Amino acid sequence: MSEGTTPAKPKGPNVEGSRDYDDIPGTYVFDSRRYRSGYHLNMFCMSLNRAECRDEFARDEAAYLNKFSMTEEQRQAVLDRDYIKLLQLGANVYYTFKIVSHDRQPPQVMYGKMSSPQMSFEEFQEMMIAGGRPIDGNRSIKESDNG
Amino acid sequence: MARLIAGMGTSHVPGVGAAMDNGKTDEDYWVPLFKGFEPLRAWHRENVPDVNIVVFNDHATSMALNHYSTFMLGVGDQFQPADEGWGPRKVPVVEGHPELAWHLVESLILDEFDMAVTADFDVDHGLTVPLSIAYDQPLAWPTKIIPLCVNVIQYPQPTPLRCYKLGQSIRRAIDSFDQDITVGIWGTGGLSHQLGGERAGVVNAEFDKKFLDNLVDDPLANTRLSHTDFIREAGAEGIEMIMWNVMRGAMNEKVNEVYRFYHIPVSATAYGAIILENE
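For the protein sequence lines, the chains are H and D, in the order given. Residue 22 is where the first sequence starts when you use the numbering used here, and the numbers rise one by one after that. Residue 37 is where the second sequence starts when you use the numbering used here, and the numbers rise one by one after that.
In isolation and in its complexed conformation, chain D is listed as follows (with noise of 0.2 Å):
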């Protein structure tokens, strides 16, 4: 049977990736972040999953108002770094897991959970930072990725008690499979940040701590905040934070926090990640 092994939260902040695609990670600037990803990556290294479920949204890259999805699976065999703006990202392809994806889909929509499913889909910043922040720069991405989309852009957003139950219907998918593979959740953006507007730039390192000390030792916690609790808090693309929750969902009621590292600022965003067993 398949086997959830470890969950991570990180945020996906594209100048994250561009600062590794330019080499530039040696500046001042991005030394103490970089020297925060030491310890993960080396978690990472000792601890690859067959598959990692990377929940992610899109940033007007594949999606947008003309049509756009709750939550998304991707079933497909490959997924190619997207072209946002500044032509792809020079990293590898992204290769799927149709057999788990499909077995997600069947699994979390005999649960209630109306998935859209996508087999044709270019993933931007939001999956492909993740997997440069955990694995470095390889000529190939040393596992297999199930992309799940989430609509964060689009008020309304799933609620984050919502999202949590998500990351339950999953592990019951998971823990269903009838191969013999490990698996691995990650549940990307934040934390506090806000790109729009007169306030752009607000961070708030007081919610941000309580958030990850709630992921760990009451998760119900962070499912009791509003979508304006997130904007009021922790400013109005902080409301990402809700996808986390996808994450700890999928965990075991208790888990041991393995690492944390949390820095201001990377771009106009506070940067935090953080990587869970369960207990």
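In isolation and in its complexed conformation, chain H is listed as follows (with noise of 0.2 Å):
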């Protein structure tokens, strides 16, 4: 924490390169290069909000899927339903949000999925209930080993 600082700065002109919230373990920060290579398959999840699609892609996922300008990986994660997979591949996680509510499943079955190692819906469940996932150990890469 930079708490009694200046605002650290932006690192300049070059979107690609690295971040100073890279060593965060775990996280997938939305930034450009995410929005950039998720975008068409952020769109695909953000259609889910209109009932019309929610009911088209229910009668054949595939078929809809293929109307997005999405990459093949893109499509299997989300037939799939590999929530890690697709962040890695550019969701964000409020957009992934949507096929889990579209399952009618809790988010919790999402964040279990995505947790390492995975949890069930109960596991994840009960260590929230326990005080949540520790902070001490997982804010950088140097330290972590995901709680």
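Think of the hints as simulated: they come from the structure by calculation, not from any bench. Note that the structure is predicted; figures quoted are calculated from it, not measured. Beta carbons are placed, not taken as given, at the ideal position from N, Cα and C, and that holds for glycine. A couple of the hints might just be wrong.
Mimicking DSSO-like on lysine-lysine, the simulated pairs with C-alpha atoms at most 30 Å apart in a straight line are [claimed, not checked]:
(1) D:201 - D:245
(2) H:163 - D:246
(3) H:88 - H:106
(4) D:245 - H:163
(5) D:201 - D:60
(6) D:60 - H:134
(7) D:126 - D:201
(8) D:290 - D:245
(9) D:245 - D:71
FRET-style restraints, in silico, Cβ to Cβ [as the list claims (entries may be wrong)]:
(10) H:82 - D:216: 17 to 23 Å
(11) D:64 - H:138: 26 to 32 Å
(12) D:150 - H:126: 47 to 53 Å
(13) H:162 - D:126: 40 to 46 Å
(14) D:67 - H:124: 23 to 29 Å
(15) D:65 - H:157: 22 to 28 Å
(16) H:126 - D:290: 44 to 50 Å
(17) D:241 - H:41: 46 to 52 Å
Dock the two chains into a complex; use the hints.
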């Protein structure tokens, strides 16, 4: 923490370059790098806000996904509900939320599947009731074991 | 003249709205949270302003990657509860206050805060859950609402200092509005939480407590945190806490803490609420 000092300045014009938050473990900050790789994937997720799109997706998931300019890897990760892969391929969690809602599952199912190691709904819920994933050990990859 | 009567900070976890909408608030999991709402709701029953300015964020509902704004004011007559993927919440329509909203737009832009403006914007849990927390389940919301939407999803978000300064400019606008009305301002979101990634579920009670303490007594300390400080210490989604700085910036330098409530967990978050009155 840099409390008491001036906020960190942006790193400059090289938007593809490394960022000072890149060492935070298990964290996918939604910046321009992810915006660009995940744009169509996220716009697919966003479409599920509309009931008629949810119905069309439910009828034939693969056919519906073909309407979006996504990569095959992104499409497969949606079909597999592989949430951590989706984040790695540029999705943002508020967008993947639309998929887990479509599946009528509580979000803890998704949070548990993204966790490392993976957790069931019950295990994730228990971790939160016990006070959540500890911050100690999870601030930087230099100290991390994901709790 | 318009008068700012109070500020509130509260998380806006969608599960809170779902628990209320589906009649689950007496389940063991939810009881401690709703017990903590009781004093907050009692305060709200006694302190209903004509208008609340609600600082919140949209969650891939009415804004998306194709167009989003850093700061946006809602100037419409009404805002409908949004379909976020499971059908709209069955809560009252949100009534706007176009006169004060347009005064804010003019005052803020002339004060060099270049706001985006919308008249047609369905509001998601970021706005409707705080209303449910404060006012429970009425047939109509007891106040008019001006939505003030902040981008907290796409990096870079506005800086914590910019959020505070926006609050200061909002206060100047309220003080210069020529109708004799009362106004509240709410900062929503947070507290520490991370929803995405292998680190999902991380919370930081120590950081949250410090943030709340500073919010009362040393608000500038919360403006000196960087984006990365919030993301690292309070989780990727904990950065929503910058919206509380907008609320605090609108309040007097000295405030009285009327109520504070903190509870872990609500879904994957640390829940926090605070009510502040000007000293």
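Hints versus structure:
1. A C-alpha spacing of about 23 Å is found between residue 201 (chain D) and residue 245 (chain D), which places the hinted pair at or below 30 Å, so the restraint holds.
2. Restraint check for residue 163 (chain H) and residue 246 (chain D): satisfied, since their Cα atoms lie roughly 25 Å apart, inside the 30 Å limit.
3. Our distance criterion of 30 Å between C-alpha atoms is met by residue 88 (chain H) and residue 106 (chain H), whose separation comes to about 21 Å.
4. Restraint check for residue 245 (chain D) and residue 163 (chain H): satisfied, since their Cα atoms lie roughly 26 Å apart, inside the 30 Å limit.
5. A distance of roughly 40 Å separates the Cα atoms of residue 201 (chain D) and residue 60 (chain D); the hinted pair therefore is violated under the 30 Å criterion.
6. Between residue 60 (chain D) and residue 134 (chain H) the alpha-carbon distance is near 25 Å, which keeps this suggested pair within the 30 Å criterion.
7. Proximity of residue 126 (chain D) to residue 201 (chain D) is assessed by CA-CA distance (about 35 Å); at most 30 Å being required, the pair is judged violated.
8. Annotation: proposed proximity of residue 290 (chain D) to residue 245 (chain D) holds, straight-line Cα distance about 19 Å (limit 30 Å).
9. Simply put, residue 245 (chain D) and residue 71 (chain D) have alpha-carbon atoms about 20 Å apart, close enough for the 30 Å limit, and the pair holds.
10. Our hint of 17 to 23 Å for residue 82 (chain H) and residue 216 (chain D) is violated, since their Cβ atoms are close to 57 Å apart.
11. Remark: the range hint 26 to 32 Å for residue 64 (chain D) to residue 138 (chain H) is upheld by a beta-carbon distance near 27 Å.
12. For the pair residue 150 (chain D) and residue 126 (chain H), the beta carbons lie near 41 Å from each other, so the given range of 47 to 53 Å is not met.
13. Distance hint for residue 162 (chain H) and residue 126 (chain D): a CB-CB separation of about 45 Å, consistent with the stated range 40 to 46 Å.
14. Against the hinted window of 23 to 29 Å, the Cβ-Cβ separation of residue 67 (chain D) and residue 124 (chain H) comes to about 28 Å, which satisfies the hint.
15. Remark: the range hint 22 to 28 Å for residue 65 (chain D) to residue 157 (chain H) is upheld by a beta-carbon distance near 26 Å.
16. A beta carbon spacing of about 47 Å between residue 126 (chain H) and residue 290 (chain D) agrees with the range 44 to 50 Å that was offered as a hint.
17. At about 25 Å, the beta-carbon gap between residue 241 (chain D) and residue 41 (chain H) misses the expected band of 46 to 52 Å.
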